[in-house]
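Chemist: Read off the chains here:
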Amino acid sequence: MPYHEMMVKPMREEVTRLGIKELRTVADVDAALGSSEGTAMVFVNSVCGCAAGGARPALAMAVSHGVKPQQLYTVFAGQDLDATARARSYFADYQPSSPSVAFLRDGEVVHFIHRHMIEGRPPQVIAEEIIKGFDKVAAEGARAE
Amino acid sequence: MSGHVFHPGHEELHGVTVVVEGAEGMTWVGRYHERNDRGVQMHDVALYEPASATLPLSAWIERLMKFGIRVDAKHLVIPNESAIRIVRLTEYAQST
Chain L
1 MPYHEMMVKP MREEVTRLGI KELRTVADVD AALGSSEGTA MVFVNSVCGC
51 AAGGARPALA MAVSHGVKPQ QLYTVFAGQD LDATARARSY FADYQPSSPS
101 VAFLRDGEVV HFIHRHMIEG RPPQVIAEEI IKGFDKVAAE GARAE
Chain P
1 MSGHVFHPGH EELHGVTVVV EGAEGMTWVG RYHERNDRGV QMHDVALYEP
51 ASATLPLSAW IERLMKFGIR VDAKHLVIPN ESAIRIVRLT EYAQST
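Here the protein sequences line up with chains L and P, keeping their order.
Numbering (my numbering) for the first sequence: 1 to 145.
Numbering (my numbering) for the second sequence: 1 to 96.
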């Protein structure tokens with residue numbers, strides 16, 4: 001059951017203030033990911049303090065990296081249920097967990113960070129993993145051009 | 001550093017994806033909640049039963065690492081006597 005919106009608002013804002021676009025409806029998700037063109041990151045946000053409490057600060061560190069996907073998106077698991085389910089349908093080979101991060105190029109997953117790769121790790125280490133995803137998306141693009 | 005924690009004060013493994021090794025190759029992978037008199041309480045658990053498995057355990061774990069945990073049981077209590085060893089999933093490969 002979703003938490004009260006007032007409680008999760010700071011968690012949303014911790015991500016959106018980084019310039020990451022939040023997708024709150026199925027229509028939002030389809031508009032963002034439906035074209036399957038270009039590169040994108042989808043951060044699956046979560047209230048979980050054990051993992052998301054480290055992932056959000058890590059994201060803040062990572063977005064200052066020089067190379068990033070063309071589009072940065074987030075959905076909120078456990079809160080925006082339909083939007084999250086739709087977003088996950090774009091990386092359906094990967095089992096749902098939250099927080100998690102998908103890196104897509106032309107609709108294909110090129111890197112995926114599961115919750116088990118986040119939990120218990122300090123933000124600096126998680127940030128390195130996110131940056132690895134950024135670099136991998138860019139490298140994939142370079143090969144294709 | 002920011003980070004909004006809703007449930008501090010749990011065991012170190014609380015919320016962490018672990019591998020629980022049982023007798024005769026039985027293995028569970030899921031999110032650790034706590035250990036108490038009833039046993040090890042887990043969420044979102046994948047179960048490996050050697051008798052019905054289509055992959056060797058190492059390959060099964062490797063697949064979980066890449067594609068995530070395919071949930072067989074939303075909640076599970078593994079009796080204490082059945083949980084022989086508990087290790088973080090991310091550390092499992094180095095520990096075997």
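Check each hint, because a few of them may be wrong.
Footprint (simulated), chain L over chain P, 3 or more residues, beta carbon under 8 Å [stated by the list, open to error]: (1) 15-23; (2) 52-59; (3) 86-93.
Below, a list of computed lysine to aspartate or glutamate pairs in the EDC-like style, where the Cα atoms sit at most 20 Å apart [said to hold, decoys possible]: (4) P:K66 <-> L:D82; (5) P:K66 <-> L:D30; (6) P:K66 <-> L:D93; (7) L:K68 <-> L:D93; (8) P:K74 <-> P:E24; (9) P:K66 <-> L:E129.
Simulated from the structure, these hints should not be mistaken for laboratory data.
Think of the CB as a built atom: it goes at the ideal place given N, C-alpha and C, for glycine as much as any other residue.
Chemist: Taking the numbered hints from earlier one at a time, note which ones the structure violates and give those numbers from smallest to largest.
Modeler: Checked against the structure, the hints that fail are numbers 2, 4, 5, 7, 8, while the rest are satisfied.
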